[in-house]
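Number of protein chains: 2
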Amino acid sequence: MRFGFLMYPGYEELDMIGPWEIATMWKTYAAGPECVTVAQSRDPMRCAKGLLTAADYTYEDAGKLDYLLVPGGFAAFEEMKNEQTIAFIRACATEAKAVLSVCSGTFILLAAGLLEGVEATTNWKVIDKLREAGVTVIEERYVRDGRIWSSGGVSAGIDMTLALVAHEAGAEAAWITQYQAEYLPEGKLYGSLTTWQGAPAYARRLRQED
Amino acid sequence: MRFGFLMYPGYEELDMIGPWEIATMWKTYAAGPECVTVAQSRDPMRCAKGLLTAADYTYEDAGKLDYLLVPGGFAAFEEMKNEQTIAFIRACATEAKAVLSVCSGTFILLAAGLLEGVEATTNWKVIDKLREAGVTVIEERYVRDGRIWSSGGVSAGIDMTLALVAHEAGAEAAWITQYQAEYLPEGKLYGSLTTWQGAPAYARRLRQED
Numbered sequence: 001m002r003f004g005f006l007m008y009p010g011y012e013e014l015d016m017i018g019p020w021e022i023a024t025m026w027k028t029y030a031a032g033p034e035c036v037t038v039a040q041s042r043d044p045m046r047c048a049k050g051l052l053t054a055a056d057y058t059y060e061d062a063g064k065l066d067y068l069l070v071p072g073g074f075a076a077f078e079e080m081k082n083e084q085t086i087a088f089i090r091a092c093a094t095e096a097k098a099v100l101s102v103c104s105g106t107f108i109l110l111a112a113g114l115l116e117g118v119e120a121t122t123n124w125k126v127i128d129k130l131r132e133a134g135v136t137v138i139e140e141r142y143v144r145d146g147r148i149w150s151s152g153g154v155s156a157g158i159d160m161t162l163a164l165v166a167h168e169a170g171a172e173a174a175w176i177t178q179y180q181a182e183y184l185p186e187g188k189l190y191g192s193l194t195t196w197q198g199a200p201a202y203a204r205r206l207r208q209e210d
Numbered sequence: 001m002r003f004g005f006l007m008y009p010g011y012e013e014l015d016m017i018g019p020w021e022i023a024t025m026w027k028t029y030a031a032g033p034e035c036v037t038v039a040q041s042r043d044p045m046r047c048a049k050g051l052l053t054a055a056d057y058t059y060e061d062a063g064k065l066d067y068l069l070v071p072g073g074f075a076a077f078e079e080m081k082n083e084q085t086i087a088f089i090r091a092c093a094t095e096a097k098a099v100l101s102v103c104s105g106t107f108i109l110l111a112a113g114l115l116e117g118v119e120a121t122t123n124w125k126v127i128d129k130l131r132e133a134g135v136t137v138i139e140e141r142y143v144r145d146g147r148i149w150s151s152g153g154v155s156a157g158i159d160m161t162l163a164l165v166a167h168e169a170g171a172e173a174a175w176i177t178q179y180q181a182e183y184l185p186e187g188k189l190y191g192s193l194t195t196w197q198g199a200p201a202y203a204r205r206l207r208q209e210d
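These protein sequence lines map, in sequence, to chains A and B. Residue 36 in the numbering used here is what sits at position 36 of the first sequence, and the numbering runs on without skipping anything. Residue 175 in the numbering used here is what sits at position 175 of the second sequence, and the numbering runs on without skipping anything.
Just so you know, these hints were derived from the structure itself, not from any lab. Owing to the predicted nature of the structure, the values given are computational and were not obtained by experimental measurement. Careful, some of the hints might be misleading.
Copies of one chain are not kept apart here, so a pair can be met inside one copy or by any two copies together.
[What the hints assert, rightly or not] In silico SDA-like links for lysine to any residue, alpha-carbon gap of 20 Å or less: (1) Lys27 with Tyr190; (2) Lys49 with Arg144; (3) Lys125 with Leu189; (4) Lys27 with Gly50; (5) Lys125 with Thr28; (6) Lys49 with Asp66; (7) Lys81 with Gly170; (8) Lys27 with Trp196; (9) Lys129 with Trp196; (10) Lys188 with Arg205; (11) Lys188 with Arg2; (12) Lys188 with Leu206; (13) Lys188 with Ala201; (14) Lys27 with Arg131; (15) Lys27 with Lys125.
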């Protein structure tokens, strides 16, 4: 089994590398799939915040992928127009057990035609934009609808990927992955939800539980 | 102000890139310091789980850093013997407002002589090893002792960096950073703490609150 992580110029660092760390912990400690990075080219590319990374596979030689994760970032709105990227994602999706998006990566799945009749989510800043595009948006930290998984912004992909591990390999595999990544977040809120214009529904629930 | 993020062959991806994302959000949305990657060489290097990254600055041209973050990974136990890395960290530490370590990166700070009389923490797997080295270990998700910050394994650096933002720039800056990164983790535990041999004290407290 193989898990592909898409890179494109300007992808948001943590969108991809949070899930990457969870999936590679799954691989290492709980027999998860091999994890590979894929991009249109192997040339080094800058992420949204300037980190320099490079992929190991291209669209031509990536081979069969059982899982594919598509990160977001402002650049996702450009990348969704890249016909080669869209063709690659479409081809993967025909056989993959799951296709996942983080943040505005959901718009790339939209452009690939993978969201027809599918419930999904995205970064809170562009939830209305996704709704306007005709998608049924569920304002949760992550959403699974059949083989399509999508998450909120940036760090939400970590929670989604851990849920994927539990779904595909069971709670024990997810628990092993969780403590190997020491993913026991503090859960501290540094401010009030009332000051966050556009907070998604799952975040507004946190406030009620304070 | 400038915030340096150390890279070395085999550093653990999320140890560095979790804090990087938080700090670059701080920079972008709340006037935080410029963030730069630093390594012994600009050559691309493999991380612990195989991601290919490259630094923008070397020890020679990094310039003055107000903050320095040192990631961990199994390779930290090799890197702590690298005299050039140790000399670089020591030189930074004389002027920096804060030096931070994630995971086994704490052992690199130890080798640089920064933990004398300092309370610190590290990845749960090597807490005993840090204690045996004479360090006063505090089993929290992250620990600040003066200018030295240290955190537990892998994902714990995210919480630590957000706490750094609050400490250096106030709760409002931390809150803006938090919601820009949508860092509102689900907080779900996929298993029982009783099955986790070596769980640190802060994790065992989570169990009591279940």
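Going through the hints against the structure:
1. Lys27 with Tyr190: between (34 Å within a copy, 17 Å between copies)
2. Lys49 with Arg144: For lysine 49 and arginine 144, the Cα distance exceeds 20 Å both inside one copy (28 Å) and across copies (26 Å).
3. Lys125 with Leu189: within (19 Å within a copy, 28 Å between copies)
4. Lys27 with Gly50: between (28 Å within a copy, 12 Å between copies)
5. Lys125 with Thr28: Cα proximity of lysine 125 and threonine 28: across copies only (15 Å, versus 35 Å in one copy).
6. Lys49 with Asp66: between (29 Å within a copy, 19 Å between copies)
7. Lys81 with Gly170: neither (37 Å within a copy, 40 Å between copies)
8. Lys27 with Trp196: between (37 Å within a copy, 19 Å between copies)
9. Lys129 with Trp196: Classified as within; 18 Å inside a copy, 43 Å across copies.
10. Lys188 with Arg205: both (14 Å within a copy, 15 Å between copies)
11. Lys188 with Arg2: neither (35 Å within a copy, 26 Å between copies)
12. Lys188 with Leu206: Both ways: lysine 188 and leucine 206 sit 11 Å apart in one copy and 14 Å across, limit 20 Å.
13. Lys188 with Ala201: both (18 Å within a copy, 18 Å between copies)
14. Lys27 with Arg131: Answer is neither; intra-copy 35 Å and inter-copy 30 Å both fail.
15. Lys27 with Lys125: Between copies only: 19 Å across chains, 33 Å inside a chain, cut-off 20 Å.
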